[in-house]
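Chains as they are written, first to last, in this note's numbering: chain A, 1 to 533; chain B, 1 to 311.
It is possible that some hints are incorrect.
From the structure, some residues in chain A lie toward chain B, with a derived Cβ separation under 10 Å [unchecked claim]: (1) Val51; (2) Pro131; (3) Arg134; (4) Glu243; (5) Arg247; (6) Thr359; (7) Tyr363.
Since the hints were made in silico from the structure, they are not lab data.
Being a predicted model, the structure only gives us computed values, none of them experimental.
Where is the CB? At the ideal position from N, CA and C, for every residue including glycine.
The chain contents come next:
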Amino acid sequence: MLKKLVFTTALTLAAFSVQNFGAQAQEPRKGGTIRFTAPYAASFVSNDSHVSNQIQDDIYGKALHRSLYNWDSANNKPVLELAKSVEVSADGLVHTFKLRDDALFHNGRKMVADDIIWTFTRLMDGSKSYPAARYVRLLKGAIDVEKGQAKEIAGLRRIDDFTLEMTFTERTEPGFLFNFATTSIYPAKEAQAPDFFNKPIGLGPFKFVEHVPGSRMVFERWEKFYKPGKPYADKLVISPMGEAAARDVAFRNKEIDVSILGPTQYVAYKADPNLSKGILEVAEVFTRNMGMNPGFKPFADKRVRQAINHAIDSELIIKRLVRDKAYRATGWLPLSSPAYDKAMQPYDFNPEKAKKLLTEAGYPDGFEFEWTATPNESWGMPIVEATIPMLAKVGIKVKVKPVEGSALGGIVAKGDFQAYIWSNTSGPDPLTAMKCFHSATPQSACNYTTYKNPAVDKLLDEAGTTGDAVKRLDLVKQANAIVYADAPVWFFNYNKAVLAYQPWLHGLQPNATELALQYFEDLWVDASSPAAK
Amino acid sequence: MLPYVFKRLLQAVPILLAVAALVFVMFSVIPGDFASTQSSDGRAVIDAEAVARMNTQFGLDEPVHVRFGKYAAKLLTLDLGTSFRTRQPVINSLSERIWPSLQLAMAAMLFAIAFGVPLGFLAALKPGGWLDMQSMVVAVSGLSLPQFWLGLMLMYTFALLLGWFPSFGYGDGNPRYLVLPAVALGVAPLALLARTTRAAVLEVMNADFVRTARAKGNSEVRVMRWHVARNAAVIVLTTLGLQFGSIMGGAVVIEKLFAWPGIGSLLVDSVSLRDIPVVQACILLLVLFFLIVNIVVDVLCALIDPRIKYS
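Chain B on its own, in the form it takes in the complex (with noise of 0.2 Å):
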């Protein structure tokens, strides 16, 4: 298992460059720069010779091949750059925000799992009933509804309505702050895994195993714990590694909406205010997480399905 580890991880070197140079070349064909992004509310006159300097201390009057040269080099070493808004270097930046959306993420995964899955398995039991026509709402609700709005809705039932959560910001670790954002980011991947969930059941209560199970004289109860879930499992868990890579990218949108101290948040300003170096370093900080959750998942799927053999 530690050899595939390791050869996916050095597999996820040359996706981390390409993400690099598509990022890097994205925001050197986009109108705007950094200097220029200055005057833009209006208030601030930025004058050519400024804007010159400005590009000339953040090395943007050079090519984009020579910029990517040096830039890539430096990610080699780790070294990912300065943030020109702040003057200081990106890592330090991150390294503010990744834990604020670690938390906000897992919350979020949490609620799904903890929703998501019993409602999919429950509904799994009686295809057609009451309850898999209910999942089935909730799962074309939360699919399709804008996660701003929904936050919007959250936020007016639940902070202003009833005053149970406060409607915004970090608080001091309390997780009262934590619960509306949660829900508003996690209610989409709620809604995807009830129905994988539900598939994935029907599909293993059909196999061929089960019945023998079954046969056997195996209990119900043994029978769904020991055949159906464990084998559901394996598609659950993988639905359940893209959905997390996505909730990380999802939150760009909520984290904003909530004044969460999060990547999502980072990112935005930055894209705004083209701050490349720490646009590139959450961007690919993302992507990583990404890939990292799905060979945790290929782990986790291995380990419960002995079938699944890596080589």
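Looking at chain A on its own, in the form it has when it is part of the complex (with noise of 0.2 Å):
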């Protein structure tokens, strides 16, 4: 199993480099128009990146606007973007960061220190609940002014125009924070206009044209980007497309030049010989998991829940349901994160097994539960559908109890199941992932089965105040090994997201945070693309 988790791993990297050096053979084409899509929901949420943590939102903010940092999807890290370096003091706590004195807004403005201190300060508006507030929270004086207490972030200074110090009340790495559209940087006077969001400008490689909500978001080519020759289309139009069936149409005739696959569209182009050939696959930083509530009796025992990751034959719903559209879970961890430990083993299907640990937990009839679960077909309903037989066979009934998309997240947050089946973030930061483990975390926030286990506590607390990289991943590893075997969830597989691209798209990466962020100033159309000119 671990053999071929890492083959599909090489070959996904194999495919991805083989795509790369053929856009690196031939020389990147300036001009023509890239036709992107959202494929999330019908429509974006705003022309403001700061009020919307939907995925939708962050593809355009790609094109817009630029963060502090970046993704680098190649090397799956954070990098610098807006700054050309960053000295951290001893006890990681002040950064202080040199910024490009080369970026320039889309009227022409340098970007200045006073511009990023506007933009975090905007953020910890507590009257506006920005999503990217839990980001910024963490610099020193940031609550005060959420608070109203105070009118000016005290962890934020300006040495001069291109130098700004951060001062975090922990350790941390604002890489994994300030990386998100979210977290864009905003011109700081211009933004103040009250028109400014008819016609939004910002730091990234695309101006604004024109947004038809509902229907397509218009961007051209901003030239005077920091980065020398990008970007090099001309103009970038993203449609919201959140029905597969009518994305598929699209992009079969030729209107679209990339679209994300479901399950069923996976399988059709994989077979079909020119389809195929256009496809990025990446193993997304997602875990999908049933959540068992220990407050219900049978869940507080962990010789059930490991029961129930013995009874569930998660290899054959892969294969079968979910059309090898994922990879199997061997922990929380996904296999891109930095801490993925390729040591670990899936819970193995054994029904034998799962009988004799319901025997010894005093459960030998078994016991029935309710299984919270939406529509959703890779980790919704059908999954449910599927493990109700298997589940069956070690004496576990389950009752379903279905919710809308929309209402999931409440409802668990809330404890309102005695289990739960989602799809929740496990990266790109482990360590922020694994803290999803820590007692100390609400369940309101993502502690959502009220885990505790004073030894994983230990290892990510020293995670988190130890100054090396190398031995941080080691303690988040060893602390992931054991939130495994306690199996406070069902670990059911990491998802593989597809992208289907057409011949003449270029300069796509692998991004394992979400691959349908993608930087538009490395994409490029050849000749042969229906809008090249």
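Take the two lone chains, each set in its own frame, and fit them into one complex as the hints suggest.
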């Protein structure tokens, strides 16, 4: 199994390398239009990237804006974007950034330290509940601004126009906090104009042209972008297309250049000799799981939770139902996590062992539990239905509680469940992901199964304070192994995200944080594109 | 006539308030709120403190009756509130979407009238004939085909196979973008209109006044145009009014499928994110539209048929 996983990953990377090599072998072509799709809903939330943490809005944010950091998909880590360098104090609390002096907003004005300070201060406006406040809150004095007790964030200090000092309240890696579109840097003065969001400006490779809500967002090349020669395309059109079937027709009709594929389409595209040539796969940092509430008596016993992991044939479900569009989970941290432990083995499908564990736990005849699930095809009702006969064989009966997708988060965060099935982020920062199993993390935050193990707490606390990156990863790996053995969840799979692309589109990257997030400045279309002119 | 129209408009006010109350109560009891939807994709983590802050910001921490009271008071001053998602006035979102929705509804209705009324009329001329049978096939198919499936089939046939029309999007005012969604939306009303027209024409054709008109030596064309068509038009118009309203509702599916930027797709997004002010505004707008169209239909009926008097 492990060999298969490693092989698949290697194959994915190899495929990407081939694609990249192909792209590099050709000189990137300037001009043309990139016709991108945002596949997760029918529309973008707003022209203000700060108000929405929906991935739809992150997609256009990559074109229009820039944050202090960016995500390096090739090396799977955050990198400086709007700063040339950063110096970190010995205690890891003070970060001094040397900012780029060539980053121009779309009105031609240079970005300076004050723009970053204003942006972060805006994000801490307590009356607005901006999603990124949870990241900025780690800066010293940010909470005071949020509560209205201060007007400026004490932890942000402008040394000069291009030098900015940030002081955090705990050792942290700001790259994991400030690489999202929700932390996009806005022009301080211009963004306060009442009509700013009718035609927003940013620091990204493309300038805003128009937004037809529910239909498209159009951008044109920002010729003074700070990366020389980029972006390549003249124009970028991003269409929100939540319906997979409609996206499929548009892609086959060559009206769009990319499409995110679901399990059914994945099989069809792989089987098609032409379409199969343009498929990009990556193990995203999402872990699909069934969380078990220890407040429900049977789930308080580790042996019962382990029994469930043994009773379900995850391999079969992934193969038949998820159509191999997933990787078997061998822990909480996914394949693309820097702390992924290749040595860990998945729970084997072993109903006999499951029965034995149940008997030892005092449930020789099994029990019945209520399983909250959404209609999602990859981690919802269809999966639950597939597990029902498997669990029945060891005496466990399932009562399904169907809920709407948008209601699941609230139900789980309130602990109003016996079990739920969900797909949760498990990266990109492994320490942040594992902190969801720290006993100090409330259920409402992300410790949904109210997991508590002093050994895990100790490891995570140590990982949080050490300045040694290698040691930190090792500690996180150890914590992951303990959590896996404790089985607070049924470890189902890691999402394999699949993106289909047209043969004329080049420069795509296997972004494990979200495959639909691409760097538009690196994309280019060759002369064979219908929108090449 | 004017006092009647004014009276009908006044009657619409309590209807709108009742709908507003119904939607308000419904969204207060179903699971999920705006804050919790922010974490439902499993990507973001929203802690209890942030949820509480959001609920305070949007007034969701107050009792339902207080919230409704405030909402109703604002509504009476035509203030639709602020969208939870965009933090912008709801009216901004609506104003961007009304015209595309109207375009689509009008195009779909035009398609339905252009094909449905003549089809029903011709079918009624020879009941049981070939055309009548075919119109029945069209009617049954049109009413029973799911719009989503029909939309996909149209996309597949006319965009992918034949390449006649784009498969999605709004375009830059190019009517080619309007054709497929309008047809997908217009097929069901077309079917109903065809059947209603047929039934209405058949009923009128057997009426005494038509027999009298023929006995007086009027030509068949004159009988059909002045006596049959005019009298059947009242029934057809009434159906048309009802269908126009339901088309706006049906656009929810079609707009989403074709990435059409109308009220329907805004409504779907707002429901899934529990953006209650926008949901309420969209539903109120659809109800208002339905009421207005039906008032217009009543007026038109009175103009066509002098026997209809509104006091």
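These are the hints, each one checked on the structure:
| no. | hint | in the structure |
| --- | --- | --- |
| 1 | Val51 | holds, 5 Å |
| 2 | Pro131 | holds, 6 Å |
| 3 | Arg134 | holds, 6 Å |
| 4 | Glu243 | holds, 5 Å |
| 5 | Arg247 | holds, 8 Å |
| 6 | Thr359 | violated, 34 Å |
| 7 | Tyr363 | violated, 30 Å |
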